[in-house]
Structures are given as structure tokens and as C-alpha cells.
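Trainee: Using the sequences provided together with the hints, build the complete structure.
So that you can map any letter, position 116 of the sequence shown is 120 in the working numbering, and since no number is skipped, the others follow by simple counting.
These are computed hints drawn from the structure, not numbers from a lab.
Keep in mind that the hints are not guaranteed to be accurate.
[Claimed, not checked] When the alpha-carbon atoms are kept at most 27 Å apart in a straight line, the in silico DSS-like pairs for lysine-lysine are as follows: (1) Lys83 <-> Lys215; (2) Lys103 <-> Lys16; (3) Lys103 <-> Lys83; (4) Lys103 <-> Lys143; (5) Lys83 <-> Lys16; (6) Lys215 <-> Lys103; (7) Lys143 <-> Lys83; (8) Lys16 <-> Lys143; (9) Lys143 <-> Lys291; (10) Lys215 <-> Lys16.
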Amino acid sequence: MMVSKSVSPSAKIGFIGLGNMGYPMARNLVNAGYQLTVADLDQERLQRFCQETGSTAGNSLSALGAASQVVITMLPEGKAVRQVLLGNGGDAVVPGLAKGAILIDMSSSSPVGTRALGSELAALGYSLVDAPVSGGIHKAADGTLAIMVGGEPAVYEACQPLFAVLGKSFHTGGPASGHAMKAMNNYLSAATLTLTAEAVITGTRFGLDPKIMVDILNASSGRSNSSEQKFPAYILPRTFDSGFFLGLMAKDLRFALELAEAEQAPCELLRRLSHIYDAAEQELGFKADNTDIYRYLESLAGKEQG
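Mentor: Right, here's the structure in full:
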């Protein structure tokens with residue numbers, strides 16, 4: 005697909021998914037001057053967003069597609085993205101799209117599924133850009149997300165003005181590479197959180213002060229984003245409110261494992277970690293915070309503290 009101009013604030017944007025991340029991201033686009041047509045299953049949330057921002061609620065997915073030069077999806081996973089874009093004999097975005105429109109999936113989706121979806125859309129004449137984000141709801145609100153973008157270089161360059169509103173973008177390579185990078189990032193994020201939790205729980209049982217342990221880790225070779233950010237802010241105070249669901253992390257780990265197995269890469273640690281998060285999700289629920297993995301591991305150690 006040839007891209008002749010950049011996606012400047014004069015472009016009309018369709019935005020699907022006004023959840024914890026999508027809502028502030030879409031609001032930032034409106035504040036930057038973009039005209040949005042929006043859709044969400046939660047009609048109350050949809051109407052509130054339109055009232056706050058002056059955006060238009062899409063009467064249907066096909067109508068949203070017809071009104072948009074770029075359509076962004078910010079949904080729980082790739083199966084939902086496929087459904088809203090292509091449908092299954094029902095309402096969908098693509099039948100309403102003009103030729104040359106750009107589709108951007110900013111959800112955390114399976115890279116294996118994204119590769120297949122991208123090929124199908126390319127055969128229909130549309131570019132799918134996968135652009136998952138990292139940083140949580142706080143960085144979504146202040147426009148400082150890390151955005152991992154897979155897609156053709158010309159399409160990536162065309163979308164740069166839009167991405168700049170939301171955070172800092174990195175071009176990871178061809179289609180589906182952004183989702184592959186996000187899966188690997190969240191694998192490492194979950195791994196360091198779990199490893200640090202096990203170390204701190206072990207040290208605490210021995211008699212060490214967990215706060216002093218974290219201070220020492222952060223001055224030593226064991227430090228990580230988990231020890232520097234999540235432990236002081238959410239785990240040591242026992243608020244467990246980082247804003248990212250445990251169930252979403254469990255899902256991302258399943259995507260990472262699917263990718264590793266598809267590529268025949270070593271994945272014994274990943275497989276074990278994914279099983280831990282699946283079990284934690286089953287016990288604590290999808291909407292438990294991802295930092296609640298600490299409480300789950302405490303319960304396994306027989307020292308749940310409330």
C-alpha cells in the first residue's frame with residue numbers, strides 16, 4: 005500500500021475500545037486536535053467520553069470505518085480485534101473502509117494471530133499496523149507510553165504524528181513484530197516481578213526486613229523495574245493497585261509462550277511462569293492487580309498477610 009501523507013490532526017480517526025487504557029489514549033488524541041469517531045460495548049462509558057470530548061459515537065462499526073482514514077483498536081485481545089475488523093457475517097469495520105485506510109491495533113494481541121490477520125487484510129488492500137503499548141494507565145494519561153510498532157516503514161512514518169501524541173514509538177520491523185516485542189517485554193516484566201517476590205518472601209520468612217531488602221536490591225545487581233517501581237509503590241504498602249489486571253498479564257504470557265513454541269525457541273522458564281499466572285488468575289480472578297502475584301505466592305508459602 006502506498007502512503008502519500010502523514011496522519012496529521014486533520015485526519016479522521018476511528019477509535020474502538022475505551023477501557024482503562026483506551027479512554028485516556030483517545031482523550032489525548034482529541035486534545036491534540038484529532039476528530040474521533042468512537043465505539044465501545046459499554047454504552048454509558050461511550051456516551052460519557054463523547055460528552056467530555058465532543059467526539060462522535062459510531063452508529064455501527066461499518067459506519068465508523070466509513071468515517072475514518074485511520075482506525076485504532078484497543079481491545080482485550082486479538083480475537084476481538086479480528087471480530088470488529090472483519091466480523092463473521094455481521095457488522096464490521098472493513099466493509100465500510102475506503103481503500104488506503106490504515107488499521108492500527110494497539111491491543112496486546114497474539115503475534116501469531118496478528119501475522120495471519122495482517123495477511124488477510126493485505127489481500128483486501130489494507131495495511132495493519134500492530135502498535136501495542138507499555139507503561140500502564142498513568143503513562144497512557146500523560147502521553148508517555150512506549151509504543152512498539154510493527155509494519156511497513158512508509159506506514160510507520162505516516163503514523164508518527166499520531167504516535168507522538170501517545171508516547172515514544174519504536175519501529176520493531178515488519179507486520180506482527182510489535183506484538184512479538186510486547187509479548188517478550190511482558191514476559192520479562194512478569195518474570196522479574198515473580199522472581200523478586202519469591203526472593204523477598206523467602207528473605208522475610210528468614211527474618212529480613214522486606215523494605216531493607218528492596219533498598220539493597222535497588223543498589224545491587226538484582227534490581228529491576230519491579231524492585232524499583234512496583235515494590236515501593238504497590239507491594240510494600242500492600243495497596244496492590246498498579247492498574248494492570250493480573251488476567252491481562254496471564255494472557256500476555258500465553259501469547260509469549262505461543263510465540264516461543266511456534267518459533268521452537270527455548271521456553272521452559274516461560275512455560276512455568278505462564279502456569280503460575282494462570283493458577284493465580286484462577287484463584288484471584290481476572291481483575292486482580294498484576295502485583296497481586298505477590299499475595300498469591302505468599303499464600304503458597306503459607307504466609308498470607310491479608
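Trainee: Now tell me, hint by hint, if it's right for this structure.
Mentor: Evaluation of the provided hints:
Note on Lys83 and Lys215: the hinted pairing is violated, with a Cα-Cα distance of about 42 Å set against a maximum of 27 Å. The hinted pair formed by Lys103 and Lys16 meets the criterion: a straight-line CA distance of about 14 Å does not exceed 27 Å. Distance restraint check for Lys103 and Lys83: the Cα-Cα separation of roughly 23 Å lies within the 27 Å cut-off, and the hinted pair is therefore satisfied. Between Lys103 and Lys143, the direct Cα distance comes to roughly 33 Å. Violation of the 27 Å bound is thereby established for this hinted pair.
Note on Lys83 and Lys16: the hinted pairing holds, with a Cα-Cα distance of about 25 Å set against a maximum of 27 Å. About 57 Å separates the Cα atoms of Lys215 and Lys103, which puts this hinted pair outside 27 Å; it is violated. With a CA separation close to 26 Å, the supplied pair Lys143 and Lys83 stays within the 27 Å bound. A distance of roughly 24 Å separates the Cα atoms of Lys16 and Lys143; the hinted pair therefore holds under the 27 Å criterion.
Taking the CA atoms of Lys143 and Lys291, the gap is about 20 Å. The hint holds against a cut of 27 Å. In summary, the hint linking Lys215 to Lys16 is not supported, as the alpha carbons are separated by about 49 Å, beyond the 27 Å threshold.
When the structure is compared with the earlier hints, violations turn up for hints 1, 4, 6, 10 and for no others.
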